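Enquirer: Take the given structure of chain A and dock chains B and C to it, following the hints.
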Amino acid sequence: MKFRANLVIGGVLFSGVIIAGIFAPWLAHTDPVMDANLMYAEEPPGGEFWFGTDAQGRDIYSRVLYGARISLTVGIVSQLINTVIGVCLGLSAGYWGGWWDDVVNGLTNMMLAIPSLIFALAIMAILNPGLTSLLIALGLTNWSFTCRLARASALSLKSQGYVQAAKVLGYGDIRIMLTQLLPNMLGPIIVIGTLGMGGAVLAEAALSFLGLGIRPPYPSWGSMLSDARDQITTAPWISIFPGLAIFMTVLGLNLLGDGLRDILDPQARTRRA
Amino acid sequence: MNNPSEDTILKVEDLAVHFPVGGGLFGGPRRHLHAVDGVDLELKRGECLGLVGESGCGKSTLALTILGLQAPTRGRIVLDGHEVSGEGMDRKARARIAQMVFQDPYSSLNPRQTVRKTLEAPLRLHGNTATGEIEGRIGEMLARVGLRPDHADRYPHEFSGGQRQRIGIARALILDPKIIILDEPVSALDVSIRAQIINLLLELKETLGLSYIMISHDLGVVEHMSDRVAVMYLGRIVETGDWETIFTNPRHPYTRALISAIPDPFKRSRGEKITGEIPNPLNMPTGCGFHPRCPEARDICRMPPVPQLEEIGGAHFVRCRRVHELAVRNEALVSSV
Amino acid sequence: MTAQPLLEVENLRIDLAVGGKRFPAVQDISFTIDRGETMGLVGESGCGKSITSLALIGLLRDPLMIGGGTIRFDGREIQNLSASEMRKLRGNRISMIFQEPMTALNPLSPVGRQIAEMFVLHKGTSWKEAERLAVEALASVRVPAPERRIKDYPHQLSGGMRQRVMIAIALACSPDLLLADEPTTALDVTVQAEILDLIRELSAAKGTAVLMISHDLGLIANMCRRVGVMYAGKLVEERTAEDVFRSPSHPYTSGLVASLPLLGARARHGRQRLKEISGVVPPVSAFPTGCRFNPRCYAATERCRAEDPAATALGNDGFVRCHYHE
Chain A
989 MKFRANLVIG GVLFSGVIIA GIFAPWLAHT DPVMDANLMY AEEPPGGEFW
1039 FGTDAQGRDI YSRVLYGARI SLTVGIVSQL INTVIGVCLG LSAGYWGGWW
1089 DDVVNGLTNM MLAIPSLIFA LAIMAILNPG LTSLLIALGL TNWSFTCRLA
1139 RASALSLKSQ GYVQAAKVLG YGDIRIMLTQ LLPNMLGPII VIGTLGMGGA
1189 VLAEAALSFL GLGIRPPYPS WGSMLSDARD QITTAPWISI FPGLAIFMTV
1239 LGLNLLGDGL RDILDPQART RRA
Chain B
13 MNNPSEDTIL KVEDLAVHFP VGGGLFGGPR RHLHAVDGVD LELKRGECLG
63 LVGESGCGKS TLALTILGLQ APTRGRIVLD GHEVSGEGMD RKARARIAQM
113 VFQDPYSSLN PRQTVRKTLE APLRLHGNTA TGEIEGRIGE MLARVGLRPD
163 HADRYPHEFS GGQRQRIGIA RALILDPKII ILDEPVSALD VSIRAQIINL
213 LLELKETLGL SYIMISHDLG VVEHMSDRVA VMYLGRIVET GDWETIFTNP
263 RHPYTRALIS AIPDPFKRSR GEKITGEIPN PLNMPTGCGF HPRCPEARDI
313 CRMPPVPQLE EIGGAHFVRC RRVHELAVRN EALVSSV
Chain C
38 MTAQPLLEVE NLRIDLAVGG KRFPAVQDIS FTIDRGETMG LVGESGCGKS
88 ITSLALIGLL RDPLMIGGGT IRFDGREIQN LSASEMRKLR GNRISMIFQE
138 PMTALNPLSP VGRQIAEMFV LHKGTSWKEA ERLAVEALAS VRVPAPERRI
188 KDYPHQLSGG MRQRVMIAIA LACSPDLLLA DEPTTALDVT VQAEILDLIR
238 ELSAAKGTAV LMISHDLGLI ANMCRRVGVM YAGKLVEERT AEDVFRSPSH
288 PYTSGLVASL PLLGARARHG RQRLKEISGV VPPVSAFPTG CRFNPRCYAA
338 TERCRAEDPA ATALGNDGFV RCHYHE
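Line by line, the protein sequences are chains A, B and C.
With the working numbering applied, the first sequence corresponds to residues 989 to 1261, in that order.
With the working numbering applied, the second sequence corresponds to residues 13 to 349, in that order.
With the working numbering applied, the third sequence corresponds to residues 38 to 363, in that order.
So that you can see chain A by itself, here it is in the shape it has in the complex:
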């Protein structure tokens, strides 16, 4: 297989974030929440504090590592919820058609008409801020693209001979959707899911920045940025490093999504050894 730069760079960036998140307790120098020490407030990056310290004297390097856990959890779990909702609705709507299709289409159009961040903001305003609420808010507001894709794929796939053949062989509708349609639309859905994960990471950062996501003192990249607003000129490192982390993660996910799009083509797949 030829070298795919986007896939490799995206993969390296994203696996870097995953490793940072998983091994945060071992990689971190200090406890991200408890080890505040005003003695060392706003230290610039250097030998002891690689990324410097924030206004409370917490090690930004350690906080960025722990922040990866929150970003990844939010990104992966909320996007998983989105994908499941989108696939269930889109696949069934495309396959069955009729009034169910009209309902799902209406719902999708409604979701697309409301900016998802505003919608998530509204949900967060009702629920209490926190990780679970964040997962719910972001997991319920970004399924419309997946749904559209699943519906369009189901529409084109259901006229394929092998779907007809499955019906003739006596397969039930659910079984046909799961064994005949779903595996053949998985490629583009994974691509959309990966790109959506990047969006979710950004959305988490935005909500936390606005104070509606992860609340201080827990280290979310968004809330770290929010905290750093006042010191952006005096101690720019407090905002640069979480910002860079968000940038790298989202860039990695987008490159990965693009790379996957290139290879997830059923024709390109060779024999499974």
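Please keep in mind that the hints were generated in silico from the structure rather than gathered at the bench.
Please read these numbers as outputs of a predicted model, since none were measured by experiment.
Hints are supplied without guarantee of correctness; some may be wrong.
Chain C residues, not near chain B, derived (Cβ > 12 angstroms throughout) [to be verified]: (1) 109; (2) 136; (3) 161; (4) 301.
Using 30 angstroms as the maximum straight-line C-alpha spacing, the simulated DSBU-like pairs for lysine-lysine come out as follows [what the hints assert, rightly or not]: (5) B:190 <-> A:1146; (6) C:312 <-> B:190; (7) C:312 <-> B:56; (8) B:129 <-> B:23; (9) A:1146 <-> B:279; (10) B:279 <-> B:23; (11) B:279 <-> C:312; (12) A:1146 <-> B:104.
The beta-carbon is built from N, C-alpha and C at its ideal position, and this holds for glycine as well.
Expert: Just chains B and C now, kept in the frame of chain A:
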């Protein structure tokens, strides 16, 4: 055709399938497309019935309705003695009686399933769970269609068109059905491969005692494979009889036009050709559906009602008002061929 | 009629470039077409018949390119003509009709305008005059009510009507050569018969030579005086249509003829098991050495596997490419 005898495996009576067109909120007046319009059909055990007609004549809709993929508007279908009005019969029970081989060997196999999976899943679905038994059945089926046992673990894209069609045939046979509907089984294949598949289908019919309904526009293939032939035009059967009658003594002007339209390699004329195109089925001609293109049409043909399918001898049925008038001239044509 | 043939193709080679390698998709193709003559090329998918016709009209695109040989049209070599010179020839003196007229017609332009364009472009007539000629052209391909039809867009027409429009465009300037690549494959048989008659009559009336390309041996034999049989990029046999069917020389041709369930055969001779040709058509990247048909040939010998057979002349202007022709 009224005595359902022992050796009738499929009986279709007055079957009609109408599709609503337009209507709804902005669609204007709702009309009905008569895709299949009162078809009577009988398939005997071990017989191959060729179903001939041009695009839009309803032959594919008829096949899908027999298989239960399309609900009929009216009419009866009796499959192997079981009445299956519409989707009344259980999908699985129907699957064990009638199966289908598709035209396009590329789109008819799931690209993400190995051959083994394609053949194994239906067996499991139909209650066969003994792994050894399933393995044996898959091996036997692959051998029957001329594939090797090691082909089982490959994916469809690793096969040529002809081999894919063999896999499609194996899938149709795996539940041991009695009727196979062949939808243009060779027209998507390379010319040098067609003979292999045609020979295979004829062998399987003999060894397994299968009954075929073969849909095809290739009259050469139909003549070669069929025992009986039914010609469809605009949702109705216009002529039916045994293959020899249809090909040597066609009586409906449409059947004659179809045969004369096939280019003869020796540049001989096969008779009069027709002009014009199939009318929009939403705007059915009155009287005989074929009259706008029929070289023999007279005023009587344009009058309602639709002519009846009339037996003119030896299980030879023709739907034409002028069939007796035209008989004399037909005799002349046959002797010249 | 002059002694010089209208089209002379000599040792044409067409290369397919894949991943830095060049495979000869078509090789050693030589044939001639006289003025007003009809010739056919038959072969299965991938045999190179379509790309041969595209080469003749200068429409080969990457990754395909002419790798050698000459194409002489009306005494002039055209394989190296510039794009603008080729454009003058195309549509005017050589034209083409395709299998799927929908993809060849401009969906955003009324069909009348697309026909009229040919007259304006190649004959320099005014649009007004061209429109009148377009109506005439549509009438000549037996489109009913041509005055109204010229305003129709391609999607408003049936497949048969679209193919008629394609023929009207292709024959608008009375070209010397018409290339017809599977012109009726997408059509119903009764419509096919009409389209074939139309091509036959109009080309005869305008003195246009026709190169007809199809996988259907019966159709080619019916339409053409001479037939070239292609297999895996080579012309394996070229004969009169009669001879190809009655006494095929190449094992591929005879296999093909014997494998066809010809209409009327069962009524005359009873049902006989069809002869099968074993194996499959090889892909361009895996053409065998020696005779390209040898892996599928019932009579292949060591010589066939090692040595590529040269064209051997047969009586009355034909040839076969087989060491042991029948």
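Enquirer: Confirm or reject each hint.
Expert: A quick look at each hint next to the structure:
1. 109: Answer for residue 109 of chain C: holds, closest chain B Cβ roughly 30 angstroms.
2. 136: Correct as stated: the minimum Cβ-Cβ distance to chain B is 14 angstroms, above 12 angstroms.
3. 161: Fine: 35 angstroms to the nearest Cβ keeps residue 161 of chain C off the interface.
4. 301: The assertion about residue 301 of chain C is violated, with a minimum of 7 angstroms to chain B.
5. B:190 <-> A:1146: holds, 26 angstroms
6. C:312 <-> B:190: holds, 28 angstroms
7. C:312 <-> B:56: Distance ~28 angstroms between residue 312 of chain C and residue 56 of chain B Cα, so the pair holds.
8. B:129 <-> B:23: violated, 33 angstroms
9. A:1146 <-> B:279: violated, 44 angstroms
10. B:279 <-> B:23: violated, 40 angstroms
11. B:279 <-> C:312: Holds, because 24 angstroms separates the two Cα atoms, which is no more than 30 angstroms.
12. A:1146 <-> B:104: Distance ~19 angstroms between residue 1146 of chain A and residue 104 of chain B Cα, so the pair holds.
Hints 4, 8, 9 and 10 from the earlier list are contradicted by this structure; the remaining hints agree with it.
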